[in-house]
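Top to bottom, those sequences are chains A and B. So the mapping is simple: my numbering equals the position in the first sequence, first residue as 1, plus 1. So the mapping is simple: my numbering equals the position in the second sequence, first residue as 1, plus 1.
Keep in mind that the hints were calculated from the coordinates and are not lab data. Do not take every clue at face value.
Between beta-carbon pairs, the in silico distance windows are [stated by the list, open to error]: (1) B:Thr14 to A:Ala306: 37 to 43 Å; (2) A:Arg41 to B:Pro23: 48 to 54 Å; (3) A:Ala306 to B:Thr106: 31 to 37 Å; (4) B:Ser307 to A:Arg271: 56 to 62 Å; (5) B:Pro95 to A:Lys53: 42 to 48 Å; (6) A:Arg41 to B:Ser307: 55 to 61 Å; (7) B:Lys53 to A:Gly84: 27 to 33 Å; (8) B:Gly40 to A:Gly289: 53 to 59 Å; (9) A:Met2 to B:Lys285: 38 to 44 Å; (10) B:Arg78 to A:Glu29: 39 to 45 Å.
Treat the numbers as computed from the prediction; the structure is a model and nothing was measured. Idealized CB from N, CA, C, for every residue including glycine.
There are 2 protein chains.
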Amino acid sequence: MRKYSIGVDLGGTNLRAAAISPAAEVLERITGATNLDAGREAVLEDIVNSIKALEDRLGSEGLIGVGIGVAGFIDMRRGVIVGSNNLPELEGVPILEEIEQRLGTRVFLENDANAAALGEKWAGAGKDVDDLALLTLGTGIGGGIIYQGRVMHGFVGMAGEIGHMMVVPNGNPCGCGNHGCLEKHASARAVEGMAYMIGLGEKVTARDVFELAEQGNELARRVFRRMGVALGIALATLVNLFNFPLYLLGGGVLGAWKYFAPAMMEEVERRSFTYRNTRTRIEKAVLGNEAGLYGAAYLPVQAQAS
Amino acid sequence: MRKYSIGVDLGGTNLRAAAISPAAEVLERITGATNLDAGREAVLEDIVNSIKALEDRLGSEGLIGVGIGVAGFIDMRRGVIVGSNNLPELEGVPILEEIEQRLGTRVFLENDANAAALGEKWAGAGKDVDDLALLTLGTGIGGGIIYQGRVMHGFVGMAGEIGHMMVVPNGNPCGCGNHGCLEKHASARAVEGMAYMIGLGEKVTARDVFELAEQGNELARRVFRRMGVALGIALATLVNLFNFPLYLLGGGVLGAWKYFAPAMMEEVERRSFTYRNTRTRIEKAVLGNEAGLYGAAYLPVQAQAS
């Protein structure tokens with residue numbers, strides 16, 4: 002009998018599930034669309050069916066448990082999605098209870114950015130450390146903090162909002178009410194906004210800005226340098242606060258590393274005496290958009306081990 | 002036989018020690034000067050003699066252990082003061098080993114700001130929580146982070162440098178290499194610098210600025226408001242990162258609370274959605290400059306309990 006854990010990554014667009022061994026090998030996987038238009042009931046059914054399909058393939062005896070990573074704020078004590086930009090239909094749903102009842106087994110719920118950080122710790126770039134922070138550079142900037150091998154939640158599960166650290170006091174306004182949030186100065190959308198402002202075009206995507214930088218466009222390169230400075234400011238504060246050995250960057254904008262990383266590293270070096278005086282590493286995450294799947298699957302493995 | 006623990010607070014000016022019961026009652030105390038001019042050997046002897054004097058009074062059978070809070074960066078793994086502005090004579094001294102050998106008992110070493118945070122958790126304003134951050138507003142700004150009841154150290158013991166969070170990107174220069182550090186915009190010295198710049202006098206102390214504010218001086222009140230804004234910016238980021246239930250402010254400038262707190266609270270409220278959506282408390286610490294003594298004394302108590 003082969004032991005395995007099931008991880009589910011529930012995003013606004015895709016629903017993915019994988020059966021993963023305790024040694025972090027993917028054994029089976031399922032990918033589908035998140036059927037939000039069909040309503041919450043349909044989404045819950047899709048989740049449950051994905052899990053059951055994997056169980057059918059591998060046999061239910063070996064199942065260690067199920068973990069689900071969800072894009073949104075989760076009240077960890079109640080297992081409820083409190084708020085989610087990507088999954089508004091699931092707000093207020095006691096998702097943990099609903100799925101546990103349908104499956105008849107214990108389920109672990111986690112915010113997707115936290116799950117990604119945990120995935121990198123288990124099976125990715127953070128295997129050799131117990132403490133790390135992951136910044137996921139996408140449309141926004143997600144954050145996950147791993148301390149002593151576990152996700153740091155805070156008292157209602159909202160810790161790790163690295164994307165909402167202030168990096169420019171009178172900077173761009175953010176939906177959270179703050180202004181100058183990191184994600185308004187260093188996410189894909191921030192890159193696009195800066196590119197538009199500097200005159201690179203109206204519907205220019207972060208990918209386009211990258212292509213322009215590749216072609217030697219100095220304006221595009223400046224946009225990425227500003228992004229790097231914003232990341233460096235945030236990282237310097239993180240290094241000074243946490244003194245962790247490792248900070249990881251992941252997400253879609255990671256491909257532009259060579260254009261933003263030099264300015265980022267220079268800023269951290271200059272701003273953090275802890276960085277200058279310790280062997281602190283700032284590196285690329287390696288699991289890409291699989292990180293959340295790994296982290297979700299690791300939740301029951303970790304719970305069993307403790 | 003009465004059980005007790007000994008806490009030592011070694012600052013640049015004072016050496017204090019207290020015997021404290023497991024119920025956090027001070028049983029005996031000793032206060033003296035830190036005799037830095039006499040050299041490191043004399044300081045080590047003073048520490049050891051203070052501890053022995055308390056042991057003589059209470060009997061050595063009841064001694065649970067000894068904890069020492071020190072103003073400076075400590076390499077926790079080696080028990081060495083790596084750097085200290087206030088105690089440069091002790092840099093590089095294997096203080097833990099030296100004192101353990103002379104006493105013949107196990108000793109716990111901790112940074113003074115961390116010890117103060119732990120003291121507030123044990124016996125002060127944080128008794129009812131497991132997670133808190135303490136900002137000590139003095140000449141500089143010290144920080145201590147308590148997570149799950151314990152000091153958060155980071156991998157070389159330098160975590161919790163809240164005073165070196167950036168709050169103004171192109172702000173006042175800091176000795177750490179950064180500029181715009183919280184402690185350059187919200188400490189006693191920052192208050193004095195701002196008061197000087199705004200024309201309140203050349204040798205005006207933070208205490209003087211407070212007195213002027215009390216007399217209705219609008220410039221003095223503006224200085225404290227700016228201090229409050231800087232604190233609020235930092236607190237908003239802390240709340241977004243940690244989602245702790247409690248953040249405490251202590252230190253000498255706390256007396257000016259009514260002049261800086263309104264601007265501080267307004268800034269946090271505006272900048273942090275987590276603050277607006279949770280029951281996060283920002284409050285005064287209650288142990289004053291005793292906090293570090295309590296925290297140091299709690300270290301062996303905590304170690305015994307775990």
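Results of checking the hints against the structure:
Between B:Thr14 and A:Ala306 the Cβ separation comes to about 48 Å, which falls outside the hinted range of 37 to 43 Å. Roughly 52 Å separates the CB atoms of A:Arg41 and B:Pro23, a value that falls within the hinted 48 to 54 Å. A hinted range of 31 to 37 Å holds for the C-beta pair A:Ala306 and B:Thr106, which are about 35 Å apart. For B:Ser307 and A:Arg271, the Cβ-Cβ distance of about 40 Å falls outside the hinted range of 56 to 62 Å, so the restraint is violated.
For the hinted restraint 42 to 48 Å between B:Pro95 and A:Lys53, the CB-CB distance of approximately 60 Å leaves it violated. Separated by about 44 Å at the C-beta atoms, A:Arg41 and B:Ser307 break the suggested range of 55 to 61 Å. For the pair B:Lys53 and A:Gly84, the supplied restraint of 27 to 33 Å is violated, since their beta-carbon distance comes to about 58 Å. Separation of B:Gly40 from A:Gly289 is about 58 Å and conforms to the stated range, judged on CB atoms against 53 to 59 Å.
In this structure the hint that A:Met2 and B:Lys285 lie 38 to 44 Å apart at CB is violated, the actual value being about 58 Å. Our hint of 39 to 45 Å for B:Arg78 and A:Glu29 holds, since their Cβ atoms are close to 43 Å apart.
Of the numbered hints stated above, those contradicted by the structure are hints 1, 4, 5, 6, 7 and 9, listed in ascending order.
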